[in-house]
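J.: All chains should be built: construct the whole structure from the sequences, respecting the hints.
Top line first, the protein sequences correspond to chains A and B.
Per my numbering: the first sequence = residues 144 to 492.
Per my numbering: the second sequence = residues 678 to 1067.
There's no promise every hint is true.
[To be verified] Ranges between beta-carbon positions, derived for each pair:
#, chain 1, residue 1, chain 2, residue 2, range
1, B, G698, A, D392, 46 to 54 Å
2, A, D454, B, G921, 49 to 57 Å
3, A, E455, B, W832, 54 to 62 Å
4, A, E455, B, D987, 51 to 59 Å
5, A, A418, B, L1020, 40 to 48 Å
6, B, G698, A, K430, 49 to 57 Å
7, A, S244, B, G972, 47 to 55 Å
I should point out that these hints are in silico values taken from the structure, not numbers from a laboratory.
Keep in mind it's a predicted model, so treat the numbers as computed, not measured.
The C-beta atom is built at its ideal place from N, Cα and C for all residues, glycine as well.
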Amino acid sequence: MSISRRRFLKSMTAFGVAMTVPKAGGAYGSFASHPDSCGVLHDITLCIGCRLCEKACNEVNDLPAPERPFDDESVLEKRRRSDDKSFTVVNRYQVDSRPGSPIFRKLQCNHCREPACASSCFVAAYAKTPEGAVVYDPSVCVGCRYCMIACPFDVPAYEYDEALEPKIMKCTLCHPRLLEGKLPGCVEACPQESLLFGRREDLIAVARERIHRHPDRYVDHIYGEHEVGGTNWLYISGVPFEEVGFRTDLGTTPAPKLTSGALSVVPVIAGVWPALLGGIYLMTRTKEKTSAREKATAVREAIDATQAAADEARKKAAEKAKADQEKAVQAAVKKALDQAAKESAKEGS
Amino acid sequence: MSEPASAFERPLLSPFNVVAGIIVLVGLWITYLRFTGGLGAVTNLDQNNAWGFWIGFDLLCGVALAAGGYTTAAAVEIFGMKKFHAALRPALLTGFLGYSLVVIALTYDVGRPWRLPYPFVLSPGPTSVLFEVGACVLLYLIVLFLEFSPMALEWLGERRLRRILVRLTLLLTIFGITLSTLHQSSLGALFLIAPSKLHPLWYSSYLPVFFFVSSVAAGLSMVIFEGTLARRSFSDKMDDEHKGTADAVVLGFGKAAAFVLAAYFAIKVFGVALDDNWGLLGTGYGLWFLVEMIGFVLLPCFLYLVGTRDRNVKLIRWTAFLTVLGIVLNRLNICLICFNWQLPAQDRYVPHWMEIGLSVFVVTLGVVAYRFIVTRMPVFYEHPDFSEGH
Chain A
144 MSISRRRFLK
154 SMTAFGVAMT
164 VPKAGGAYGS
174 FASHPDSCGV
184 LHDITLCIGC
194 RLCEKACNEV
204 NDLPAPERPF
214 DDESVLEKRR
224 RSDDKSFTVV
234 NRYQVDSRPG
244 SPIFRKLQCN
254 HCREPACASS
264 CFVAAYAKTP
274 EGAVVYDPSV
284 CVGCRYCMIA
294 CPFDVPAYEY
304 DEALEPKIMK
314 CTLCHPRLLE
324 GKLPGCVEAC
334 PQESLLFGRR
344 EDLIAVARER
354 IHRHPDRYVD
364 HIYGEHEVGG
374 TNWLYISGVP
384 FEEVGFRTDL
394 GTTPAPKLTS
404 GALSVVPVIA
414 GVWPALLGGI
424 YLMTRTKEKT
434 SAREKATAVR
444 EAIDATQAAA
454 DEARKKAAEK
464 AKADQEKAVQ
474 AAVKKALDQA
484 AKESAKEGS
Chain B
678 MSEPASAFER
688 PLLSPFNVVA
698 GIIVLVGLWI
708 TYLRFTGGLG
718 AVTNLDQNNA
728 WGFWIGFDLL
738 CGVALAAGGY
748 TTAAAVEIFG
758 MKKFHAALRP
768 ALLTGFLGYS
778 LVVIALTYDV
788 GRPWRLPYPF
798 VLSPGPTSVL
808 FEVGACVLLY
818 LIVLFLEFSP
828 MALEWLGERR
838 LRRILVRLTL
848 LLTIFGITLS
858 TLHQSSLGAL
868 FLIAPSKLHP
878 LWYSSYLPVF
888 FFVSSVAAGL
898 SMVIFEGTLA
908 RRSFSDKMDD
918 EHKGTADAVV
928 LGFGKAAAFV
938 LAAYFAIKVF
948 GVALDDNWGL
958 LGTGYGLWFL
968 VEMIGFVLLP
978 CFLYLVGTRD
988 RNVKLIRWTA
998 FLTVLGIVLN
1008 RLNICLICFN
1018 WQLPAQDRYV
1028 PHWMEIGLSV
1038 FVVTLGVVAY
1048 RFIVTRMPVF
1058 YEHPDFSEGH
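T.: Structural data, given as structure tokens:
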């Protein structure tokens, strides 16, 4: 089973109708979003490295002419990546298990189902379209290049030579052409049917079928089915993927999940911190006030106690003085009386 | 608002002015090249290495090293440590200047700097960690400006406006600490999205926590470090309160930094343990990781403790410098040295001299602004007309 180009074009009409139906809410992590999204299956075993896809891409996207023409095979001697002047490149790999027969592999934006670039963009310049393409809007781009940091496939490229209006450049899956019912430029140009366009789900079925039918020709893996949450470009290969430049250590976690945990803490801190800090401030101030008050009380009590003791002493002293005085008076009175008595006795005798 | 005599005493052609003048001229030349030829004309950035020295040093180190503002404000205004009061104004000033420089540097690095308000007015992308960083840095810059304003208003003799701002101190402090907690940690969270590019010894789901905790150590150490530098150049501007509590600030902040560094070391060990990265310690990057962890975290932690125990102010001052170097090393490791470690050697990034030149230019602008302000405004002393007797 394989999807012929004509059949695809027919299905695109139905696809176009399906696209007008309002989509159900597609939150991150729900792979049910955009069920009819399209992609491309790149059968690496069929690629002959003719670079006609590069040429077509260059033409449909109005990119500058390359330094060396597209039929110059010497370009393949160097390992290349897509950049601001080329959205797709084909690389040649010499693999130990296949000496003498080079393997070619095309690379471009993989159009992730949950794109890191879109998740990382702080002006939401990227969008995952229902058709499957990840598109970029230069009219809001600030040029921070965080998308380039975030992309696990190193796809977004920056116009470093633009002084004032630099843009990010990357493959659009020919989104404008898809909307016109046309195929992506590279798929249309491929003479080997190494590139197959269709609904992503159909492509996975095709890939599985090919692997099942020719277990000797293919490695039993569809690259992009689960990598980083799944991509709309899918690959099947005759040699292990890491031998033809794929990263096989990316895992299956979609990019938005990597930062959602940290971002979910933000409102918590924004809400709790002011209360916590205000509370600590009040506690510190209460403590300060309490200790100040306690200090004042202690001082007052000490003063009072000293005062009371002094009063007591004074009172005692006064009483003693009074008593002494009375005693002295009484003594004097008694003495005077005694004297008087003595004298009267003398007189009486 | 009389000009201090020393501002006139300093000759125009002093060595400082000559060196600063040359740096500014070179900086202006690089500015011209950047805005006429694009980033490609002055940087070694390429399609694989999108962030270079301006993000690694100017942004990441700049923000971390400007953390003195919020840490000192927390100590004095929230935790009620009034004995550190004299350290608050210098810390707020360097915080404000630090964040201003970060924003200046960013206008060179981003492609279309005049669009920097776009995330907040035109097309917000709140799923991005960078959105949060941007929002917090913007708000915190405003907070720092307001916290700095009383110094300028006292200089200008503006009583009414100053009184309003001083009344807002507590509110601004709480707002500032909250914003700092958020964006200091979010700078680490920026790299959570790239587990395939950052070396596993530095990548961890705890990156936000690492960045926040280390920013506290950075802030405390920067207050000590800046105090050391200021003492050498501006001691004639310092009042008795500032001079009298300077050693208490060094000892107190040194002790706090020792605790924070110990906590930081512990959570970094947890980070290695939870991802089971012990095996990687035997590799070349592992050795480099150990250099950072032992030489620039454990060693300063130990030296801070010894310095506090012996009341050795000089040792603590040197340890603060070591800690600052460690923070710079950590941020450069995460953004540049251990980022894109999977790339072949010929594809790795090495900064262009003009990238470093522009960073030196930006820092020089900060030093010039700092000198201008501390020689005129009441930073190291209480303005006699506005003394409140703390």
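J.: Decide, hint by hint, whether the structure agrees.
T.: We went through each hint and held it up to the structure:
1. In this structure, G698 (chain B) and D392 (chain A) meet the distance hint of 46 to 54 Å, their C-beta atoms being roughly 51 Å apart.
2. Restraint check, D454 (chain A) to G921 (chain B): a C-beta distance of roughly 43 Å breaks the suggested window 49 to 57 Å.
3. The beta-carbon spacing between E455 (chain A) and W832 (chain B), approximately 60 Å, falls within the hinted interval of 54 to 62 Å.
4. Our hint of 51 to 59 Å for E455 (chain A) and D987 (chain B) holds, since their Cβ atoms are close to 52 Å apart.
5. Roughly 46 Å separates the CB atoms of A418 (chain A) and L1020 (chain B), a value that falls within the hinted 40 to 48 Å.
6. Under the hint 49 to 57 Å, the C-beta atoms of G698 (chain B) and K430 (chain A), about 52 Å apart, fit the expected range.
7. For S244 (chain A) and G972 (chain B), the hinted distance range of 47 to 55 Å is satisfied, since their beta carbons lie about 51 Å from each other.
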